[in-house]
Amino acid sequence: MLAGPGGVGIAAPQVARLDRIVIVDVSGKPKIKNHGKMILINPEIYEWEGLKIGREGCLSVPDYTGNVIRAERIKLSAVDEYGHPLHFECEGYEARAIQHEVDHLEGLLFLDRLVSRRSDLFKRKVY
Amino acid sequence: MSNKWYILTLYGSDQLGIVSRITNALYNIGANLGETSMSRLGNYFTILALVEFNKDQQILSDQIQNVTDALGLRFHLDQVPKQNHKQLIPNIRITFYGNDRAGLVAKVSAELSRCKVNILDLQTDVTDDPGNPMFVMTIEGLAMEGTDQLEDAISQLKSQGINIRVETIDTLIG
Chain S
1 MLAGPGGVGI
11 AAPQVARLDR
21 IVIVDVSGKP
31 KIKNHGKMIL
41 INPEIYEWEG
51 LKIGREGCLS
61 VPDYTGNVIR
71 AERIKLSAVD
81 EYGHPLHFEC
91 EGYEARAIQH
101 EVDHLEGLLF
111 LDRLVSRRSD
121 LFKRKVY
Chain H
1 MSNKWYILTL
11 YGSDQLGIVS
21 RITNALYNIG
31 ANLGETSMSR
41 LGNYFTILAL
51 VEFNKDQQIL
61 SDQIQNVTDA
71 LGLRFHLDQV
81 PKQNHKQLIP
91 NIRITFYGND
101 RAGLVAKVSA
111 ELSRCKVNIL
121 DLQTDVTDDP
131 GNPMFVMTIE
141 GLAMEGTDQL
151 EDAISQLKSQ
161 GINIRVETID
171 TLIG
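Protein sequences, first through last, are from chains S and H. Start counting the first sequence at 1; every next residue gets the next number (my numbering). Start counting the second sequence at 1; every next residue gets the next number (my numbering).
It is worth saying that the hints were derived from the structure and are not from the lab. No experiment lies behind these values; they were computed from the predicted model shown. Incorrect hints may have been included.
Claimed, not checked - Straight-line C-alpha distance at most 30 Å; calculated DSSO-like pairs for lysine-lysine:
#: 1; chain 1: H; residue 1: 158; chain 2: S; residue 2: 52
#: 2; chain 1: H; residue 1: 116; chain 2: S; residue 2: 52
#: 3; chain 1: S; residue 1: 75; chain 2: S; residue 2: 52
#: 4; chain 1: H; residue 1: 86; chain 2: S; residue 2: 52
#: 5; chain 1: H; residue 1: 86; chain 2: S; residue 2: 29
#: 6; chain 1: S; residue 1: 31; chain 2: H; residue 2: 116
#: 7; chain 1: S; residue 1: 52; chain 2: H; residue 2: 107
#: 8; chain 1: S; residue 1: 29; chain 2: H; residue 2: 116
#: 9; chain 1: H; residue 1: 116; chain 2: H; residue 2: 86
Said to hold, decoys possible - Output of the computed footprint for chain S on chain H, the stretches with three or more beta carbons under 8 Å from beta carbons of chain S:
#: 10; stretch: 85-93
#: 11; stretch: 163-172
We put the beta carbon where it would ideally sit given N, CA and C, even for glycine.
Based on the provided sequences and hints, a complete structural model is requested.
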């Protein structure tokens, strides 16, 4: 995660480990609400709120970035390395990072969630 | 034989089959597509494409001409030097919507240029309501000297009655 420039998260499948483990650490970004380095095993997002478009890239998809809509606020549960339950309420950039990494556990890349500014902002409807 | 690159510009009335016929024509002579932008523009369809082709330029041109003649399209082909392209990632998004009037893109882009914002992508739409057309503009740009100057740009435009919304794009790599 730290080897690539600007990486703020990694999921086990990205390094060929088929385990439900993700690591997220957005503490390096200034002025962002965060919980420091989070090691999450069996993470589960059980509440989502708000939608925001943002730009994402991925260590597994070099040289490409795109627009992705994510929930603005999430609640998640997980366990730590010792099996103790964890609960977090995350928002903004950190919430985006977690959603991005949890997607990896389902075999999803941000490429599966790309949105087009044009088609998603201005849908023409005939009433 | 070294790789030769071309920029292909093509447009015409939008109809079924343009992308299919052009891309298959290119494929059939061994040409390769690089980055492309193919989209509907008004009632027209436009293609801007980087094309790699190692044989004679005339072969490429003739092949494209077969399709454009059949579909009533126009095109232009220019050889360009091969470059390793550099991906620029935008760090700001500017959106504007409001009553359509002359000078919106001109004034906004002038301000952005003054603030050293490199426009990477700009799209405009005019809504279909003839009585009250609304103009929508979205821009993704790279503020090369930071985003602080944009406060000034925003107020300059506001004083001309143009209210743009600026938000920073913070790309997340995960």
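Violations among the numbered hints: none
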